[in-house]
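Q: Going down the list, the sequences are from chains C and Z.
Here the numbering used here is used: the first residue of the first sequence is 1, the next is one more, and so on.
Here the numbering used here is used: the first residue of the second sequence is 1, the next is one more, and so on.
Please keep in mind that the hints were generated in silico from the structure rather than gathered at the bench.
Please note: incorrect hints may appear among the correct ones.
Chain copies aren't distinguished; within one or between two, either way the pair holds.
To be verified - Calculated pairs, BS3-like style, for lysine-lysine (alpha carbon to alpha carbon, straight line, at most 30 Å):
| hint | residue 1 | residue 2 |
| --- | --- | --- |
| 1 | Lys213 | Lys144 |
| 2 | Lys193 | Lys15 |
| 3 | Lys121 | Lys15 |
| 4 | Lys213 | Lys86 |
| 5 | Lys248 | Lys144 |
| 6 | Lys50 | Lys13 |
| 7 | Lys86 | Lys15 |
| 8 | Lys248 | Lys5 |
| 9 | Lys5 | Lys135 |
| 10 | Lys121 | Lys135 |
It should be emphasised that the depicted structure is a prediction, and the values quoted were computed from it without experimental measurement.
Listed below are the residues making up each chain.
There are 2 protein chains.
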Amino acid sequence: MDSTKTVNIIRIKGKESMNEEDIVIMEYPFTIFVNDEEIITLLCSPNSLKELLVGFLYSEGFLTSFSDIDRIRIDKDKGIGYIYLKNINKFNEKLRGKRTITSGCGKGTLFYNVLDSFKSKKIEKSLSLQADEIKEIVRQFNRKSELFLTTGGVHSCALCSNQDIIIFEEDIGRHNALDKIFGKALLEKIDTKDKIILTSGRISSEILIKSAKRQVPVIVSRSAPTSLAVEMATELGITLIGFARGEKMNIYTNFPSLIF
Amino acid sequence: MDSTKTVNIIRIKGKESMNEEDIVIMEYPFTIFVNDEEIITLLCSPNSLKELLVGFLYSEGFLTSFSDIDRIRIDKDKGIGYIYLKNINKFNEKLRGKRTITSGCGKGTLFYNVLDSFKSKKIEKSLSLQADEIKEIVRQFNRKSELFLTTGGVHSCALCSNQDIIIFEEDIGRHNALDKIFGKALLEKIDTKDKIILTSGRISSEILIKSAKRQVPVIVSRSAPTSLAVEMATELGITLIGFARGEKMNIYTNFPSLIF
Numbered sequence: 001m002d003s004t005k006t007v008n009i010i011r012i013k014g015k016e017s018m019n020e021e022d023i024v025i026m027e028y029p030f031t032i033f034v035n036d037e038e039i040i041t042l043l044c045s046p047n048s049l050k051e052l053l054v055g056f057l058y059s060e061g062f063l064t065s066f067s068d069i070d071r072i073r074i075d076k077d078k079g080i081g082y083i084y085l086k087n088i089n090k091f092n093e094k095l096r097g098k099r100t101i102t103s104g105c106g107k108g109t110l111f112y113n114v115l116d117s118f119k120s121k122k123i124e125k126s127l128s129l130q131a132d133e134i135k136e137i138v139r140q141f142n143r144k145s146e147l148f149l150t151t152g153g154v155h156s157c158a159l160c161s162n163q164d165i166i167i168f169e170e171d172i173g174r175h176n177a178l179d180k181i182f183g184k185a186l187l188e189k190i191d192t193k194d195k196i197i198l199t200s201g202r203i204s205s206e207i208l209i210k211s212a213k214r215q216v217p218v219i220v221s222r223s224a225p226t227s228l229a230v231e232m233a234t235e236l237g238i239t240l241i242g243f244a245r246g247e248k249m250n251i252y253t254n255f256p257s258l259i260f
Numbered sequence: 001m002d003s004t005k006t007v008n009i010i011r012i013k014g015k016e017s018m019n020e021e022d023i024v025i026m027e028y029p030f031t032i033f034v035n036d037e038e039i040i041t042l043l044c045s046p047n048s049l050k051e052l053l054v055g056f057l058y059s060e061g062f063l064t065s066f067s068d069i070d071r072i073r074i075d076k077d078k079g080i081g082y083i084y085l086k087n088i089n090k091f092n093e094k095l096r097g098k099r100t101i102t103s104g105c106g107k108g109t110l111f112y113n114v115l116d117s118f119k120s121k122k123i124e125k126s127l128s129l130q131a132d133e134i135k136e137i138v139r140q141f142n143r144k145s146e147l148f149l150t151t152g153g154v155h156s157c158a159l160c161s162n163q164d165i166i167i168f169e170e171d172i173g174r175h176n177a178l179d180k181i182f183g184k185a186l187l188e189k190i191d192t193k194d195k196i197i198l199t200s201g202r203i204s205s206e207i208l209i210k211s212a213k214r215q216v217p218v219i220v221s222r223s224a225p226t227s228l229a230v231e232m233a234t235e236l237g238i239t240l241i242g243f244a245r246g247e248k249m250n251i252y253t254n255f256p257s258l259i260f
């Protein structure tokens, strides 16, 4: 299935108007069934669906390791992904945790529960990196981000060593692109503890939480981080780098792990 | 509460590194209680919270008109919004519809149910617009988008007539910004049927569904639309304009409602 679609448009330029063809990015509804129960429909780019399925369910707490997976089947034409997990109880429990409407009396919000559960998960392994190494992988990353250049509508994400891009994914959603990365890492048993996450999109708290779950020590973005992402990165021991473009970058947190 | 926060960073430029201050955009957890039940925590920019509360609940189907609202209280320090709705049954029903894990047998996906329920909601009122009018409101819109210029991390959204911006909102999330617009329109009883939605972000199917619910006939973006947004706009009779920048714009759907 193509990642783009050609449509007829009218292009306006000053006083002129022209009938032309234009390429738009595919937005593909992908429905996930876990042990034959419908969970959610993600709106995504129609590639790396198996990776998205696994990564999304990992991020949401449905599965915690490769060994939880019994089998996976993707029906691309219908836009459905089926996964069978070995431990149905755990899944149900996590599901309820996510969707329950908790009582307002004496309970914190779901969000702060999420934060709390991550406070203990400080990054164990720090990474020594040189600024020049980051500039070089950002250059590689920009060269790879082709879909964005064609359509202006997609986010790129990569898992990298300090030398090379190991996994590269694109999606209309920042979160989907990251879930695809972690899904692939899980399926191919690639360690994420000594790696770098590169993203074209903004670094929000959710991106940070997902990366912290996989113990990624460094997150680099072409864009800005949010205040909450900076606070959480400080807390979790993650090095946060924003506005990484050409010869420039801003280091927001945990400077010591970088060597310049 | 400020929309931005100052943090200490190390700025790298070539071989130089400088300790500096930088401004990052606030990401604020805002928990919504409906009739004393906790519903969700949104991660948003900490302004126009009442509008966000009302707009989000409208988009999600918890309320359908101003008269559904009994009272609203915002606790900004704690990040909580309380709304009391008159019709608790309706709310519970909608809530269940949204969160239930439907059985996989013989039922379509939640997503297609959503699409189906909108197919009948074609835009009733078309809008006559001149390309020059769009260029002018886009210029106004760009001048107003200040927070983005400061921090590089926020989306702007506006409800406009063919002459002026009527409501303008900013948020770290595209959807939040749009929900704030519709929340304010609902609270101030501003008709949206003869208006234009302007957004700095990509036009996805979700943006389209939200706008169609309020019968907005024209959506304009500085960015790209997705394939699904183009298909739905065609179906719903909405005029979709992308890449509206300076003297240029691309018209993707329903050309006849525009006069050039």
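Q: Work down the list of hints and note, for each, if the structure agrees.
A: Consistency of the hints with the structure:
1. Lys213 - Lys144: Within one copy only: 26 Å inside a chain, 38 Å across chains, cut-off 30 Å.
2. Lys193 - Lys15: Close across copies (28 Å), not inside one copy (55 Å); limit 30 Å.
3. Lys121 - Lys15: neither (58 Å within a copy, 34 Å between copies)
4. Lys213 - Lys86: within (21 Å within a copy, 41 Å between copies)
5. Lys248 - Lys144: This pair counts as both: shortest intra-copy Cα distance 19 Å, inter-copy 28 Å.
6. Lys50 - Lys13: This pair counts as neither: shortest intra-copy Cα distance 42 Å, inter-copy 40 Å.
7. Lys86 - Lys15: Result: close neither inside a copy nor across copies, 63 Å intra and 52 Å inter.
8. Lys248 - Lys5: between (35 Å within a copy, 21 Å between copies)
9. Lys5 - Lys135: For Lys5 and Lys135, the Cα distance is within 30 Å only across copies (27 Å; inside one copy 33 Å).
10. Lys121 - Lys135: within (28 Å within a copy, 50 Å between copies)
Violated hints for the displayed structure, listed by number in ascending order: 3, 6, 7.
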